[in-house]
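Participant: Assemble the whole structure, with the sequences as input and the hints as a guide.
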Amino acid sequence: MQIQSRSHARVNVIAPLLLAGVLLTAGLFAGTAWSFEVIPSVGMTKSTDAQAPAGKFFAGFAARTALMPLVKIEAGISYRQDEIEATNIQVRQWPLTMSLWLTPMPNLYAGAGIGWYRTTLDFPDTLPIKDSTSQELGVHLGGGVVLPLGPRVGLDLSGRYIFLQADDQSPLLPTEFNPDFWSMGLGIAVSF
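Going by this note's numbering, the letters in the sequence shown line up with residues 612 to 803, in that order.
No lab work stands behind these hints: they were computed from the structure.
Heads up, a few of these hints could be off.
Pairwise CB distance ranges (calculated) [as the list claims (entries may be wrong)]: (1) 659 <-> 761: 31 to 41 Å; (2) 733 <-> 763: 38 to 48 Å; (3) 756 <-> 666: 36 to 46 Å.
Using 27 Å as the maximum straight-line C-alpha spacing, the simulated DSSO-like pairs for lysine-lysine come out as follows [as the list claims (entries may be wrong)]: (4) 667 <-> 657; (5) 741 <-> 657; (6) 667 <-> 741.
Idealized CB from N, CA, C, for every residue including glycine.
Facilitator: Spelled out as structure tokens, the structure:
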């Protein structure tokens, strides 16, 4: 069993509460003139490390709503899996993110956000190392476009650069901003 630091314990409590609060707030506004969108998506992620393997697929789900004119807020969760080829170590990650998007045009958005990244390293049975799980905070920059398919349905094309915490010294956000990986997603945005 792995012992977690106080900052990781706080993240374990704060991140799910933050997501629940955003989803509840978004649900309260769903009945107003503001639109509420749900976006299931699939996409590709790729590490920026020079020795990283080819990009891997991910699946995700997000909820987005207008916070005020020209500003939207989004909460999302996804799942991605990667492998360190030289060692056959499986890397599984569940990013839980919050984003603030500026919408200068109705179908175009760009902005930034924060995320809680729960990462599990699954070591091969041939190694005498136990699997380990860690939590990191990160930030992302990105944007996208929603192409209308119908009155309440659109094709959501998005991209992000993700910057993870550089070391375990800082309990807050990254201090170095070299992207750890990028993601490109394709989703179906359904408005209510």
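Participant: All hints are to be evaluated individually against the structure, with a verdict given for each.
Facilitator: Taking the hints in turn, this is what the structure says about them:
no. : hint                    : result
1   : 659 <-> 761: 31 to 41 Å : 37 Å, holds
2   : 733 <-> 763: 38 to 48 Å : 40 Å, holds
3   : 756 <-> 666: 36 to 46 Å : 21 Å, violated
4   : 667 <-> 657             : 6 Å, holds
5   : 741 <-> 657             : 26 Å, holds
6   : 667 <-> 741             : 24 Å, holds
Hint 3 from the earlier list is the only one contradicted by this structure; the remaining hints agree with it.
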